[in-house]
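Peer 1: Listed below are the residues making up each chain.
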Amino acid sequence: MQHDIHLFGLNHRTAGVEVRECFALSDQERFEECVLSLGRAVDEVMVLSTCNRVEILVVSPRGSGVSEKVLECWARASGRHSPDLAPHVYEHRGLEAVEHLFQVASGLDSMVLGEPQILGQLKQAYKASVDRGQAKVVVNRLLHKTFSVAKRVRTETGIGTSAVSISYAAVELAKRIFGDMADKKAMLIGAGEMAELAATHLVGAGVRSLCVVNRTLSRAEELAKRFKGKAYAFAELIDRLPEVDIVITSTGSTEPIIRARDIKDVLKKRKYRPMFFIDIAVPRDIDPDINSLDNIYLYDIDDLKEVVEENKAQRQTEAEKAREIVKSESIKFGHWLDSLDLQPTIVDLLSRGEALARKELKRTLKRLGPDCPDEVRLAMETLALAVARKLHHDPLVFLKRRAQEESGERFLDLARRMFNLDQDTVPPDAHQDRKPGSED
Amino acid sequence: MGFAELILYFVLALYLVGSGGHICGILTRKERPRALGGVVSGAGFALHGLSLGIMLAQTPSLALASGEFYLSLFSWSLLLVLFILWVKLKLSFLGLIATPLALVILLGSQAVTAARLPLPPALAGLFFGLHIGTLFASMGLMAMACAAGIAYLKLEKRIKSKEKLTGVWASLPSLDKLDAANRLAVTVGFPLYTIGLVSGFLWAGITWKHFFSWDPKEVAAVFVWLLFAYLFHQRMALGWRGRKTAWLAIWVFGLCLASMLGINFFVKTHHSFA
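Order-wise, the sequence lines are chains Z and Y. Numbered per the working numbering, the first sequence spans residues 1 to 440. Numbered per the working numbering, the second sequence spans residues 1 to 274.
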């Protein structure tokens, strides 16, 4: 009843975008049908397929040698040949596979270190596996553990706390100035790609409205339509400035288009309400002197780059801490996996019973006081230990019988959970790993 | 030890724990200690209110003539304003400043050896109540504006100079929220301060037959009022906000504090506590 955990995958490090596109498992059902047709060689399977990676988790009986067969199924489901796929694929086994999965879920294996989206995608992949009845004891336990490890990494390290993209850093800064963005207006000057991205983040952060000013009005209108905003001609720029709180500029102008003297009047008109300028253009669109004016905040591309680089470095430091957590948690998971053999569970069950009996005995003897005769103490100890052992006798006989069956590990897992032998806190959604009506 | 005194020790202990909670919350950037600090300060605040009520009910004349009572009332007003701002603007970080400040002022109140004089009958009048109540409420508001102003200036400097906003800086509210605390303190605090001053003069006119007696405390209060009025005018009429108003709020509160601690305790006037 020993298990092998295999994790096959390819990601942005092992394969270029063309290869990832070719082998993304868009037709997962076809792949799973193929894998499940391998019969008793595969017990459980779960597939995660995103634009950046494919991860295939397979649990098989020890020594069943499924690796090549799984790769064949993968290649076939993608309409390709296995030799085209093999050079790009990594395979992790046992605890290495567990550690890799924990790293993926924690964002440690992502292109943007610590990005949180992957966890949601992993949850969806797990749900699909549960719905199809392909997640059983090991995958269920492994994925629940994966989610709790990812949560631990988020709460105990600062891996996801700081902005690591220019546009996101700009929005984070805007929040430090304005707090709630719901009543703020933003203006896009020029229609560069990066400004557009920053605008997308701003709209995502909840700004009330957005307007676009561009030398070519039709382009401004096109962009404004996408953000449900308004477009204005370039000549109206200074007149429109008093209405907006956040300005993002990215024109190709060689001269500054906003000068300090313009802003002094603008500030008076807006009763000195603060303004945040994000100048992403090179050469710069905004006179740097405006940063010295009260209630004006100007950040250019270099300032934001610096913030991003610092944050990236900080994430690397935090990633080291996160890797330590992942390592220790994967070792713990290894202990649980080993316990799916009958012998460790028997030992754990008896030791726990004995420990409880001794604890209660100690409490009772303390209550009886120091005058209690030694023979009484001895008799009580014999009684307590005998009760503990006899109480576990029937569950152990039951487990020994069930362990001979094919799905015996299910009962071992159940017993471990019932008696809390792994000292785990039971997750509130633990019941969801059983699909109603499925054989589990 | 009397019941009122026992309560006061409890209040001091609760403010101490509350301050610890706020400090831990800011340093660790975790919500739980901050919330705990808020709850414990809240319990202290309720008990503090009870203790003030008891002091007033037992011997109103003694209470109203002692520096101990006024300092204790000031400490309580600070937290009253904190809780209002907490609910209205979600400015829980002000607890970091207000609770320890309330603790120190309350401790200070215990160090004051008040001369317990019988209260003249006219003290119980409406104007005197208005005078004390509104002045302390507005001072509480200005204390908050001062704390928010200091935080504003520090945070703004970091944003302007493009320094990293990590640690304590990351847990501060936005500039906009800090400025909103100033706005609230000025729009509510200035009218209250004005009512406090006018009612004091009216009360003096009724009691001593002259409204203004060039008492050092009165002169200082008028000076504070002028500065406060300037801040109010610039803010309301010209729309001033941000750095300048933060500095003005710090000055107004600093002068209030200097006048209360300096003149009331060390200068011989009819406002003396000693």
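One or more of the hints may lead you astray.
[To be verified] List of simulated lysine to aspartate or glutamate pairs, EDC-like, C-alpha gap at most 20 angstroms:
#1 Y:88 with Z:180
#2 Y:157 with Z:289
#3 Z:175 with Z:294
#4 Z:151 with Y:31
Please keep in mind that the hints were generated in silico from the structure rather than gathered at the bench.
Peer 1: Now look at each hint and say whether the structure bears it out.
Peer 2: Evaluation of the provided hints:
1. Y:88 with Z:180: The hint holds at about 14 angstroms.
2. Y:157 with Z:289: 16 angstroms, holds
3. Z:175 with Z:294: 18 angstroms, holds
4. Z:151 with Y:31: 17 angstroms, holds
Of the numbered hints listed earlier, not one is contradicted by the structure.
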